[in-house]
Amino acid sequence: MIHNIFESIDKKVGVERASAHCDVPCGIYDPIVAQISALTVVRMIDLIEELAGKGDGHDTAYHNSMGRYVAVKEEHAENAKAEIRIIWGDYIKAQHKENYPQLDGIVHKIMQLGSKSRQTTDREAAVELVEIINEFAEIFWATKGINTKRANAPYAPALELVYPNL
Amino acid sequence: MIKVLKVTGDSLAPDYQEGDFVVALKFPFLFNSIAPGDIVVFRNADYGTMIKQVESIDPVSGDLHVIGTHPYSVDSRQFGALARVDLVGKVIWHIKNPR
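Residue numbers (this note's numbering), protein chains in the order written: chain A, 56 to 221; chain B, 28 to 126.
In case anyone wonders, no lab produced these hints; they're calculated from the structure.
Cβ coordinates follow ideal geometry from the N, Cα and C atoms, glycine included.
There's no promise every hint is true.
[Claimed, not checked] Taking beta-carbon pairs under 10 Å as the criterion, some of the chain A residues facing chain B (in silico):
1) D85
2) I91
3) A137
4) I141
5) W143
6) K148
7) Y218
8) P219
9) L221
[Claimed, not checked] The calculated lysine to aspartate or glutamate pairs, modelled on EDC-like cross-linking and capped at a C-alpha distance of 20 Å, are:
10) K199(A) - E183(A)
11) K171(A) - E104(A)
12) K30(B) - E215(A)
13) K152(A) - D42(B)
14) K148(A) - D42(B)
15) K199(A) - E45(B)
[Stated by the list, open to error] If you anchor each label on the Cβ, the simulated ranges turn out as follows:
16) K152(A) - P98(B): 15 to 21 Å
17) S88(B) - A206(A): 54 to 60 Å
18) E133(A) - P86(B): 50 to 56 Å
19) P98(B) - G108(A): 29 to 35 Å
20) I29(B) - E215(A): 32 to 38 Å
21) F54(B) - E133(A): 31 to 37 Å
22) P98(B) - S120(A): 17 to 23 Å
23) N154(A) - Y99(B): 18 to 24 Å
24) P209(A) - S88(B): 24 to 30 Å
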């Protein structure tokens, strides 16, 4: 209520800013990197399945492509976990956890699904990883007072992602 | 002198966060000296108008050593102590951005 009044005043007259300045990387947090990494994991699983359905699997081209898909899947599953850990460790504060008590469970689930996505080609687990990171993203943007929207990614596998509604 | 300011940046999180408003008053300094723990607004030649917490006060010069609560905070550890002349005011009212 009072904040809204001040917000209105700010819009009309432009209140001066006082910077609680941080050095990089402070303030530069965005779950989109983790979201895209998780999406990449699903894409790699799709490519792995597609390749596995072709040929007899003994030629060098097959092994080369399969090796690359698996390596990228590994890398991005780990990257998704790392990005969430950074936001979790550096940005999320006790106040956020009080307001969003489900955060602990969500982060733990991301770690588990991220590991499963590295270990296996379980597409269902990878899709679940995308969705649980979406839930994390919704909370992340909510802590900044920014609304979110859901839209299908404009590239394969075109799963639904959460984006800030800026 | 009274001043309304809007907070940007996260160096005083979680207490003061991006989008919060503060009301800073300079007059109390005449009657009530600043104490460690107070939140102050000041001018800095490189970073402009800033808001930080007073960590300590030089007993001789009265200069203020200000810090943020975030490990990456840019504060007196980078730009040194703050002269009183650069003070804009002491925060007397904090209006939090409801999240």
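A quick look at each hint next to the structure:
1. The interface hint given for D85(A) is broken, as the beta carbon of that residue sits about 14 Å from the closest beta carbon of chain B, more than 10 Å.
2. Evaluation of the I91(A) hint against chain B yields a violated restraint, the C-beta minimum of about 24 Å exceeding 10 Å.
3. Using the Cβ-Cβ criterion of 10 Å, the hint placing A137(A) at the interface with chain B is not satisfied: the shortest such distance is roughly 18 Å.
4. With a least beta-carbon distance of about 12 Å to chain B, the hint placing I141(A) at the interface is violated under the 10 Å criterion.
5. At its closest, the beta carbon of W143(A) sits 14 Å from a beta carbon of chain B; the interface hint therefore is violated under the 10 Å criterion.
6. Residue-level restraint check for K148(A) holds (minimum Cβ-Cβ distance to chain B is 4 Å; threshold 10 Å).
7. For the restraint placing Y218(A) at the interface with chain B, the shortest Cβ-Cβ distance is roughly 19 Å, beyond the 10 Å limit, so the hint is violated.
8. Hint on P219(A) is violated. Least Cβ distance to chain B is approximately 14 Å, over the 10 Å limit.
9. Hint on L221(A) is violated. Least Cβ distance to chain B is approximately 14 Å, over the 10 Å limit.
10. Our distance criterion of 20 Å between C-alpha atoms is broken by K199(A) and E183(A), whose separation comes to about 25 Å.
11. Distance restraint check for K171(A) and E104(A): the Cα-Cα separation of roughly 17 Å lies within the 20 Å cut-off, and the hinted pair is therefore satisfied.
12. Distance check on the hinted pair: K30(B) and E215(A) sit about 45 Å apart at the alpha-carbon level, beyond 20 Å; violated.
13. A threshold of 20 Å between alpha carbons decides the hint, and for K152(A) with D42(B) the separation of about 14 Å falls inside it, so the pair holds.
14. Among the hinted pairs, K148(A) with D42(B) is consistent with the structure: their alpha-carbon atoms are about 10 Å apart, no more than 20 Å.
15. Note on K199(A) and E45(B): the hinted pairing holds, with a Cα-Cα distance of about 8 Å set against a maximum of 20 Å.
16. The supplied range of 15 to 21 Å is met by K152(A) and P98(B), whose beta-carbon atoms lie about 18 Å from each other.
17. A hinted range of 54 to 60 Å holds for the C-beta pair S88(B) and A206(A), which are about 57 Å apart.
18. Separation of E133(A) from P86(B) is about 52 Å and conforms to the stated range, judged on CB atoms against 50 to 56 Å.
19. As the Cβ distance of P98(B) to G108(A) is approximately 50 Å, the hint placing it in 29 to 35 Å is violated.
20. At about 48 Å, the beta-carbon gap between I29(B) and E215(A) misses the expected band of 32 to 38 Å.
21. For the hinted restraint 31 to 37 Å between F54(B) and E133(A), the CB-CB distance of approximately 56 Å leaves it violated.
22. In this structure, P98(B) and S120(A) break the distance hint of 17 to 23 Å, their C-beta atoms being roughly 43 Å apart.
23. Hint check: N154(A) to Y99(B), Cβ distance near 23 Å, so the stated range 18 to 24 Å holds.
24. For the hinted restraint 24 to 30 Å between P209(A) and S88(B), the CB-CB distance of approximately 59 Å leaves it violated.
The structure fails to meet hints 1, 2, 3, 4, 5, 7, 8, 9, 10, 12, 19, 20, 21, 22, 24 from the earlier list, while all remaining hints are met.
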